[in-house]
Amino acid sequence: MAASTLKIENLHVSIEGKEIIKGLNLEINGGEIHAVMGPNGTGKSTLASAIMGHPKYEITEGSVFLDNEDVLEMEVDERAKAGLFLAMQYPSEVSGVTNADFLRSAINARREEGDEISLMKFIKKLDGKMAELDMGEEFAQRYLNEGFSGGEKKRNEILQLMMLEPKIAVLDEIDSGLDIDALKVVSKGVNAMRNESFGCLIITHYQRLLNYITPDKVHVMMQGRIVKSGGAELAQRLEAEGYDWIKEELGIKDETVGQEA
Amino acid sequence: MSVDTKIAFDQEYIKAYSEKRQEPKWMAALRLKALEKSENLPMPKPDKTKIDKWNFTSFKHDVAGEAISSLEDLPEDVRDLVAKDQESGNLLVHRNSTPVFSQLSNELKEQGVIFTDIQTALQNHGDLVEKYFMKDVMKVDENRLTAVHAALLNSGTFLYVPRNVEIEVPIQALYWQEDPEAGLFNHVIIVAEDNSSVTYVENFLSYGHDVESVANIIAEVHVGQNARVTFGSVDNLAKGVTTYVNRRANVARDGKVDWALAQMNDGNTVSTNTTHLIGDGSYADSKTVTIGRGSQSQNFTNQIFHHGQNSEGVLLVHGVQKDSASAIFNGVTKIEHGAKKSNGEQTQRVLMMNEKARGDANPILLIDEDDVMAGHAASVGKVDPVQLYYLQSRGISRQEAERLIIHGFLAPVINELPIEGVRKRAVEVTEGKVN
Ligand SMILES: Nc1ncnc2c1ncn2[C@@H]1O[C@H](COP(=O)(O)OP(=O)(O)O)[C@@H](O)[C@H]1O
Ligand SMILES: [Mg+2]
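If you read the protein sequences in the order shown, they are chains P and B. Residue numbers for the first sequence follow the numbering used here, beginning at 2 and rising by one. Residue numbers for the second sequence follow the numbering used here, beginning at 238 and rising by one.
Only chain P is shown next, with the shape it has when bound in the complex (with noise of 0.2 Å):
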């Protein structure tokens, strides 16, 4: 599979009419992983949000691309067949389908019909990216994301993660919740779809996260706009230091969405 790049030009975003990402920037490559580090409240959770396409968030201005194709014309299950996921920092839960199900109808909605994937093959994989995660068999027939823990739900993302191999993911605070255990476990697995096709931009508050997956790229984001971008230094620097030196750099009082006027 070749490389896909993920392209983001002068994205704006609105949710109720209020502007929340104001004019942002990115291009993320199959093969790299880029992290978008911020403070609560600057806008993270609405980018992600809006690449995929939640329905309430409104795009006002500029684009995005998968390769050649205009994402923003497509709907959410399109985009997600073109080869982009979202690790939801908030996963729903439905009541009454099985996980098993569900991931079974995601892999087949990506194929054709007559060439649905084999129960026996399905099963194998499941149960192999499953153990990965160390997950227990009994996630296989609960219902999907029903009374899970705050962590058992980040493992189940994962698990959908390694399940539909798509060329570009985006994981929105898939760490937080998390013990250190778990970190590693979920780190192993997003290690292990690192490929030269496969794009990775990966969204946290905490610099934790990044011990264990080195990124490529860090961006920092404020105001719903990327401030700074460096390499896996500037993580540590943050670590370090915090954001306040950043804030000081560039002038901003309050770093969330809407304060800046």
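Check the hints yourself; a few may be wrong.
Stated by the list, open to error - Keeping only pairs whose Cα atoms sit at most 25 Å apart, straight-line, the calculated BS3-like set for lysine-lysine is:
1. 661(B) to 57(P)
2. 130(P) to 154(P)
3. 476(B) to 57(P)
4. 19(P) to 248(P)
5. 661(B) to 476(B)
6. 346(B) to 368(B)
FYI, nobody ran anything at the bench for these hints, they're computed from the structure.
Take the given structure of chain P and dock chain B with the ligands to it, following the hints.
Showing chain B with the ligands alone in chain P's frame:
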């Protein structure tokens, strides 16, 4: 404009019809009296659903059904309804109300079990049928439609299980309306004598989509002391059929009734499922799933009346409303004075798939006794757009996402349906209704 709800059949017609069916005198008299009463009785008034413009008069009453020599003669989709383990078992098939296939194992016959179509039962067991026909459970003169039902009865089943006889395998009756204009006036009587047990499953099926017709269905269930009846149904009548259905049981001391109703009609429907827990320690469990679609309007009343002490009733209803379908769900738990230490629980959940769909759940608790427990939960909600987004974000189409959510919503009831055949069929019909 109000549609005429008077039926176009006179005394002469009814008399001749009863004669043709070689019915006992009492039945002919009952029909004639019912016809007379029907002229003055009011129409039923389902709470919050207007039925005054529904078709109750346009149908054909006496349509023949072609005989079959074996089940192989049935079209595949009809034959598919016959539970696999049922092919050599206890089965009754009606075609346009005409019984065309009937089978009961010798073992059950020897034990005194009667399982036959209502016409044969009236001929061969007239006295026994008379004892139960619209006497204690249902009444002829409850409203115009119950009276019309008695006057025009043209189909049905009589199932009699003697004292101490326990039947393990389900007994199935299939009512296939091949002619879309054929009206169905179907009467089922189940008598489970003391200490007996039986499972009865019925399927109603018609095609023909918009062709107008009427189904006026009654099931009367008598549960004796310490007897147990499991009653399953999959209703799947076409869009043009107006359905008025009453399924009702009286339960004696320590008796138990389980209702498992998959109500998947495509036409306007008024359905009432009623249990009277008469004896002390009697028990009722009533489960209903339904999907409304298109522009159909439906009214479901599920009710349990507690008369006996220590009686227990559990109601569970899950309904999905699609397109511009509308439905009213009335859950009634009534605990009569003196029904001490009784327990009544009810849950009704309604899921609406879009803006135009309508659903309304009315939990009604009527309690005339202090020393009881009762509880209810009702919820009516729209499908969560974020849930759809989540499923779609994995590549699942909108339609498939809705299908998964509907399945998930109905699963807690469908999975609990006590009869495998009904469970499977409910899933299949759900599938057909969702796509
Ligand atoms: N559904 C929503 N409704 C209203 N405001 C929202 C919604 N989602 C996000 N916001 C606002 O957008 C801003 C950015 O939020 P978010 O993108 O979640 O930030 P982050 O992920 O960086 O913590 C915040 O001010 C938040 O209050
Ligand atoms: Mg966030």
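Going down the list of hints, with the structure as the test:
1. Straight-line distance between C-alpha atoms of residue 661(B) and residue 57(P) comes to about 38 Å, which puts the hinted pair past the 25 Å bound.
2. For a cut-off of 25 Å, the pair hint linking residue 130(P) to residue 154(P) stands: about 15 Å separates their Cα positions.
3. Distance restraint check for residue 476(B) and residue 57(P): the Cα-Cα separation of roughly 37 Å exceeds the 25 Å cut-off, and the hinted pair is therefore not satisfied.
4. Distance hint between residue 19(P) and residue 248(P) is fulfilled; the C-alpha atoms sit about 23 Å from each other, no more than 25 Å.
5. About 22 Å separates the Cα atoms of residue 661(B) and residue 476(B), which keeps this hinted pair within 25 Å; it holds.
6. Taken as a hint, the residue 346(B) and residue 368(B) pair is honoured in the structure, with Cα atoms around 21 Å apart against an allowance of 25 Å.
Of the numbered hints stated above, those contradicted by the structure are hints 1, 3, listed in ascending order.
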